[in-house]
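Let the sequences and hints guide you as you build the complete structure.
With my numbering as the guide, the letters of the sequence shown map in order to residues 1 to 187.
Calculated directly from the structure, the hints in this document are not laboratory data.
Fair warning: this is a prediction, and the values are worked out from it, not measured in the lab.
We put the CB at the ideal spot given by N, CA and C, even for glycine.
Honestly, I wouldn't trust all of these hints.
Said to hold, decoys possible - Computed list of lysine-lysine pairs in DSSO-like fashion (alpha-carbon distance at most 27 Å, straight line):
no. : residue 1 : residue 2
1   : K87       : K101
2   : K103      : K56
3   : K86       : K32
4   : K86       : K101
5   : K87       : K56
6   : K86       : K103
7   : K92       : K56
8   : K87       : K103
9   : K32       : K101
10  : K32       : K56
Said to hold, decoys possible - What follows is a list of derived Cβ distance ranges for each label pair:
no. : residue 1 : residue 2 : range
11  : D128      : N19       : 16 to 22 Å
12  : T25       : K103      : 32 to 38 Å
13  : S77       : V112      : 38 to 44 Å
14  : V28       : A66       : 24 to 30 Å
15  : D29       : S77       : 20 to 26 Å
16  : G46       : K101      : 40 to 46 Å
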Amino acid sequence: ATITGFAADVEAADVATLNIPATLTNGVDPSKPYQVTAIGDGAFYGATAALKNAVKTIIIADENVATIGISAFQGLSNLETVTIGKKVATIKDGAFAGCGKLKTISFPEGGVVATIGINAFKGSVIEDLNLTNTKLVTIQNMFGSTFAYEKTTYTEAEARTHNDNLTGALDNTALTQDQANLYNAAM
Numbered sequence: 001a002t003i004t005g006f007a008a009d010v011e012a013a014d015v016a017t018l019n020i021p022a023t024l025t026n027g028v029d030p031s032k033p034y035q036v037t038a039i040g041d042g043a044f045y046g047a048t049a050a051l052k053n054a055v056k057t058i059i060i061a062d063e064n065v066a067t068i069g070i071s072a073f074q075g076l077s078n079l080e081t082v083t084i085g086k087k088v089a090t091i092k093d094g095a096f097a098g099c100g101k102l103k104t105i106s107f108p109e110g111g112v113v114a115t116i117g118i119n120a121f122k123g124s125v126i127e128d129l130n131l132t133n134t135k136l137v138t139i140q141n142m143f144g145s146t147f148a149y150e151k152t153t154y155t156e157a158e159a160r161t162h163n164d165n166l167t168g169a170l171d172n173t174a175l176t177q178d179q180a181n182l183y184n185a186a187m
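If you want it as structure tokens, here you go:
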């Protein structure tokens with residue numbers, strides 16, 4: 001099953017923490033669960049302003065969700081924390097773009113994120129990006145051109161060296177200086 005948005009009867013007060021479940025049921029046969037394998041393109045982008053403003057935390061279940069769609073959570077203006085499930089392999093373009101208060105993204109130990117798309121986290125203010133023990137295969141300018149990371153602990157020369165090393169390891173995807181600094185700080 002693919003999650004395509006909020007149910008019609010969801011109230012803003014109910015979604016400060018948005019838990020993406022491993023399974024869903026339908027009203028026709030509640031005894032038959034469906035595995036949630038994806039969060040669809042634009043799933044929560046079209047939500048009401050009240051719902052978009054209410055979400056502060058997203059937790060994606062470890063069991064089944066493999067894909068976070070294009071612009072799936074774009075514009076959740078008060079989102080601060082995201083926990084990515086262990087099975088998530090693809091975070092598509094703009095998935096969390098415009099989440100201007102997004103500070104913390106946690107990837108699980110032993111997870112393998114094969115692709116993080118263009119501008120996936122554009123406009124965020126990441127302070128904590130935990131990539132420890134998570135394998136990243138392809139990164140495509142995931143922060144856009146507006147990303148600023150304040151925890152730079154390496155000199156420019158060290159960051160450039162690390163960037164050169166990451167380029168080969170990440171399917172020849174070049175990283176900007178800020179992104180290289182981010183990875184240095186996260187390693």
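Can the restraint linking K87 and K56 be considered satisfied, given a maximum Cα separation of 27 Å? holds, 22 Å
Would the hint linking K103 and K56 be met if the CA-CA limit is 27 Å? holds, 11 Å
Tell me if the beta carbons of V28 and A66 are separated by a distance inside 24 to 30 Å. holds, 25 Å
Range hint compliance [Cβ, D29 to S77, 20 to 26 Å]: Because 37 Å falls outside the window, the suggested range is violated.
Does the beta carbon distance between D128 and N19 stay inside 16 to 22 Å, or does it fall outside? holds, 20 Å
Given the hint that K87 pairs with K103, does the C-alpha gap stay at or below 27 Å? Cα-Cα ~22 Å, so holds.
Just to be careful, I want the Cα atoms of K92 and K56 compared with a cutoff of 27 Å; is the pair within it? Holds, because 21 Å separates the two Cα atoms, which is no more than 27 Å.
Can the restraint linking K32 and K101 be considered satisfied, given a maximum Cα separation of 27 Å? violated, 37 Å
Hint check: K87 vs K101, CA-CA at most 27 Å. Holds or violated? Holds, because 25 Å separates the two Cα atoms, which is no more than 27 Å.
G46 versus K101 beta-carbon gap, inside 40 to 46 Å or not: violated, 20 Å
Using the C-beta atoms of S77 and V112, is the stated range 38 to 44 Å upheld? Distance hint for S77, V112 is violated at roughly 30 Å.
Pair hint K86 and K103, alpha-carbon separation not exceeding 27 Å: holds, 20 Å
Checked against the numbered hints above, the structure breaks hints 9, 10, 13, 15 and 16 and satisfies the rest.
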